[in-house]
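Using the hints, put the two standalone chains together into the complex.
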Amino acid sequence: MGQTLYDKLFDSHTVAKLPSGQYQLFMGLHLLHEVTSPQAFSSLDERGLSVAYPERSFATADHIIPTHTRLRPLQDSLAEEMLVSLEGNVARHGIPFASPARREQGIVHVLGPELGLTQPGMMICCGDSHTSTHGAFGSLAFGIGTSQVRDVLATQTLTMNRLKVRKIEIYGKLRPGVYAKDVALYVIHRLGVQGGVGFTYEYAGEVVDRFSMDERMTLCNMSIEGGARAGYINPDATTYEYLRGRRFAPSAANWDRAVRYWESVRSDADAVYADVVRLDGSAIEPMVTWGITPGQSVGVSGAVPELSSFPPNERETAEEAYRYMSFEPGQSISGTKVDVAFIGSCTNGRLSDFEEVARLIQKSQRKVAPGVRALIVPGSQDVRQALIDRGYDKLFTDAGFEFREPGCSMCLAMNPDKLQGRQVCASSSNRNFKGRQGSPSGRTLLMSPAMVAAAALAGSVTDARQLFDLR
Amino acid sequence: MTQDTRRIVIEGSAVPVRGDDIDTDRIIPARYLRTVTFTGLGQHAFEDDRIDLSKAGKQHPFDMPSFAGARILLANKNFGCGSSREHAPQALMRWGQGISAIVAESFAEIFHANCFSLGIPCVKVDEATCRALMTAAEEQPDLVFRIHLENSTLEAGPRRVNFEMPAGVRQRFLEGSWDSTAELLGNLPQIRKTAAQLPYMRGFAE
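As you go down the protein sequences, you meet chains S and H in turn.
Under our numbering, the first residue of the first sequence is numbered 1, with each subsequent residue one higher.
Under our numbering, the first residue of the second sequence is numbered 472, with each subsequent residue one higher.
Bound-form chain H, shown alone (with noise of 0.2 Å):
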């Protein structure tokens, strides 16, 4: 079975999770990290927020029928920060529909580098943008956001914005050559040649 793992249009309605700085704990609770697969996992996305809000007599957008089906999340600053835990964006991925792209003004360095590995681009906009479109998205829940990556553009609606994504992993979103273990592997001669050049590698030996 082939896949096609190229990302070029990404289109689907939006779920705006609000706040700033995010972390993964919140993502996905440590308890369910006890395990030694990703399976499972989509239905705890945002477990304790969850519980919480609906504890207080509201709900949260993981909650409310009308972004049940939402393919892109939006978030506010710092997005995905704190603990290094793939589990986050697995999660992400695994929730509803599946969650295949990611809008934010910020995120998290360790975040952002993991949902690259597992093909879900995040895109950056600014903060009057980002604010728009969550507003735009919980006054119309089934409101289009498509994400056009040839030319790093996103519309919603009437709306159309640029947004900054480096050439290169655009390139290799368009491509489908995300998944980098077969390319680093293509460099097996070069890898031994910059190990051999490292002092410590031969434990300082003459």
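Isolated chain S (complex conformation) (with noise of 0.2 Å):
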């Protein structure tokens, strides 16, 4: 009987099975950032442990940085706080940096794979739930929480229970105008938010075969919005072909070797599966939530659904996001007027999204319709240089956008880039909870860059096939 690649990492990383009846597992790579380990230092100090393997770790500020300056102090006396306190941990624990001073600093899920940190079959954790990014590299990487930050600084291992793997497949071609983000987002709304707890999800099938790894990172990252703690693709010749040569990759005198383990994780051709899903890329439109979970979406040509449309037990929560987001049940997403356009995050916040984002724009040859605020967020500084060489971030400006440095921003709105009051915030990023974007009272639409680009044009929810002419 063959086994997945769930089942080959998780038994190649156990370290013990634990008496609880849980796993001790080993973590090939553990990311860190400002937000969740401050705590997790302080009490590896209190118990005088100290960092088992600094060289498997890596830190980077992300969720904090202002994206307007990098000045020093930070204008937030309590950002620059966590600033401080990351630099000096980091220091004292003899852990690689990526700092905003030597401007190295990026998302941390942007920033693992371009550095070639991030590898097949390795398990790699950090602090934050959108980790599952990694496993679009054929790696098992999940969130978790700071005193397991804790953990896993003290010893590189975490008390783990063993999940099940759902493979989803998505057969058939994406039609033109539809992402990666769109495949999410659908899969999301087809499954429930609730769908994937207690699973690992593995994407699999022609759509995700033909995808380059940034739009495998894009599908990855959001595994944890329909509810499973991790979610991977297979490792390919596409991933091998991204890795080689980047900073932290295998050298070429052990590539062949690298390759052949990663060949060896793959999941085998009579693997078997607790459940297995199978959807049509072509039956994907444009997807763009209008509620208060990644769940809750339409395609852009469809309404708001009608509360009858739910199962009774879903009801409750669809009236609350009609009330909260001032939605009419039937009422077309298209044309919903937006104040704020955010392209950016560790969903969104890539090379291929900004230069898909300039292509459009420069197609179109349109502005930034009146009132609306929009924003270029890269994901790291690496990807903002590329986009300054290839001249971008001109386009960009004079077509009205914002073009910031790299960081979350304003996908959860922890640094000064929020919205206000009620505003409403077309959003390449992945969370359209309340109070998500920084204001209690402001509302989010989450949506492909093209289709957040075609919103901060046109100033409304707008169909960025019909815009952009994409056939």
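Just so you know, the hints here were simulated from the structure itself, not pulled from any lab data.
Each residue gets a CB set at the ideal place from its N, CA and C atoms; glycine is no exception.
Some clues are possibly wrong.
Pulled a few chain S residues facing chain H out of the computed Cβ check, cut under 10 Å [stated by the list, open to error]: (1) Tyr-53; (2) Phe-433; (3) Ser-441.
Using C-beta positions, here's what the derived DEER-type ranges look like [to be verified]: (4) H:Gln-514 to S:Ala-252: 52 to 60 Å; (5) H:Pro-660 to S:Ser-99: 32 to 40 Å; (6) H:Ala-539 to S:Arg-210: 53 to 61 Å; (7) H:Gln-514 to S:Arg-47: 23 to 31 Å; (8) H:Gln-514 to S:Gln-75: 18 to 26 Å; (9) H:Gly-639 to S:Arg-260: 33 to 41 Å; (10) S:Leu-307 to H:Pro-660: 55 to 63 Å; (11) S:Val-272 to H:Ser-537: 46 to 54 Å; (12) S:Gly-88 to H:Ala-539: 35 to 43 Å; (13) S:Ser-77 to H:Ala-599: 43 to 51 Å; (14) H:Ala-603 to S:Thr-397: 58 to 66 Å.
Structural data, given as structure tokens:
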């Protein structure tokens, strides 16, 4: 009987079966950032413990970092204290650090892959739920809390339960103007925000096979929004080509041995899954969320669903969403006025996301609609520099977008980038929770970067396929 | 100072917070994560939901004096979804008298693991039971709930229900050994052995 990639990595990384029946697993890479680590380091100090594998750890600052300036000290004294704390902790424990001062920093889930730290066949963790992103490389990657960050710092291991594996096969071909983000939102819409609890998702099928690494990362990134703590894609030639030559990727001398290992961790053809779901990629439209969970979405040509379309036990949540978002059931989603457009985040803040947006803006020759504030926030300094090298910084600013320094920015608004009052934001990020973008009454519509660009230029939710003539 | 970390019987009144998919941004808004400690988070638990309701002339259960002393939180499905922030259970355990156990229809996984790390038992009950317990607490806010981890039962007035909790997890609460760092450190030789067998740990060198 064949094994899945999940089974293989779970077994090879098991240090011990604990008396509780849980497993102690070794972590090949531990990513750290300023928000969920300070208390873990303090707790380590209180117990007189040191970091077991500093060379298997990597830190950066992303959540609280302002994107309009790199000046220190940060204006927000609380944010400054967090940054100082992180700088002190990584220096004291000898942990490699992508520093804002040296212009190396970026969103942790953009940096890890970019530097070649993220590799197939690894277990990866980070005090951040979007760690599932790294599964795009055929690694098992998941978010953890601060106490677990302490566990990993002290031992490079974690206590985990064994999960089931659901294979999600996306067959067929995506239509023009439909992106990885739409696939992610569609999967969550179909399987629900609780559907993945207890599962790891394995994404497969022709659509996923054809995806670039950036697209695979977008898809795996949102596994957690479907309730799955981890999501992965079996590594293949696309994965290996992406990694070749990156700073922390295996050297040329060891490359063939690395590829042999990576090939060996792929799910076997006769692997057994707890569940298999098949979805038709050609049926997917550009998606837009209308509610307050990432599962509450609709195709751009559709309407906010009627209450009667929900099972009775979901109606309360739907009614709460109508109320919070000020949507009427039956109202078409297209035409919804937006105040802010945000392109960035660990979901859609990579080079190819901005390249596509630049291409579309160039094609349309349009500018950001009056009254709309539009932000381009690259996922890392490398992404930002690559955009500048291509002249896209100028293209974006000429079109009326603000071109910012990298960071998490308005995805969760822990820095100065926040919605005001009841503003509506077309956002390429991952969560449309109440208050998520920094205003307790702010409203978020999740969509692909192309759809955010279309909303920015038109001033309202607009089908990008029509605006940009994508056929 | 040694604390008794055992969790055998958790007793107290219960506060029901209704709704599915209550995410950790709602439990503790991101602006309160700008801190290098967990102190002071308790007062901000559910802050935006509380303000929102009070503006509408209503009251969130966390603002109702009748629930002020609650030790047990009652919730519905997928409680604690979204962000991995441990600040969420840290805020709940620092609110009022401190939430010491959570009873819900289901929990998001990372939140569940965080609660375990903090010694907060998460008790899963079915939908009908959960709704009945919530109604009971609303009708009689001082009703005493007793969660017995030894035999996986929950008592609330005349009501007595069995709940599921993996035996190993229950055992660690009963022993007070839920803080895992010491246990994990105890396996250092095996950790080194496992690491040595992973080809990427030596950069795939021969």
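Structure versus earlier hints, numbers of those that do not hold, lowest first
The structure breaks none of the hints.
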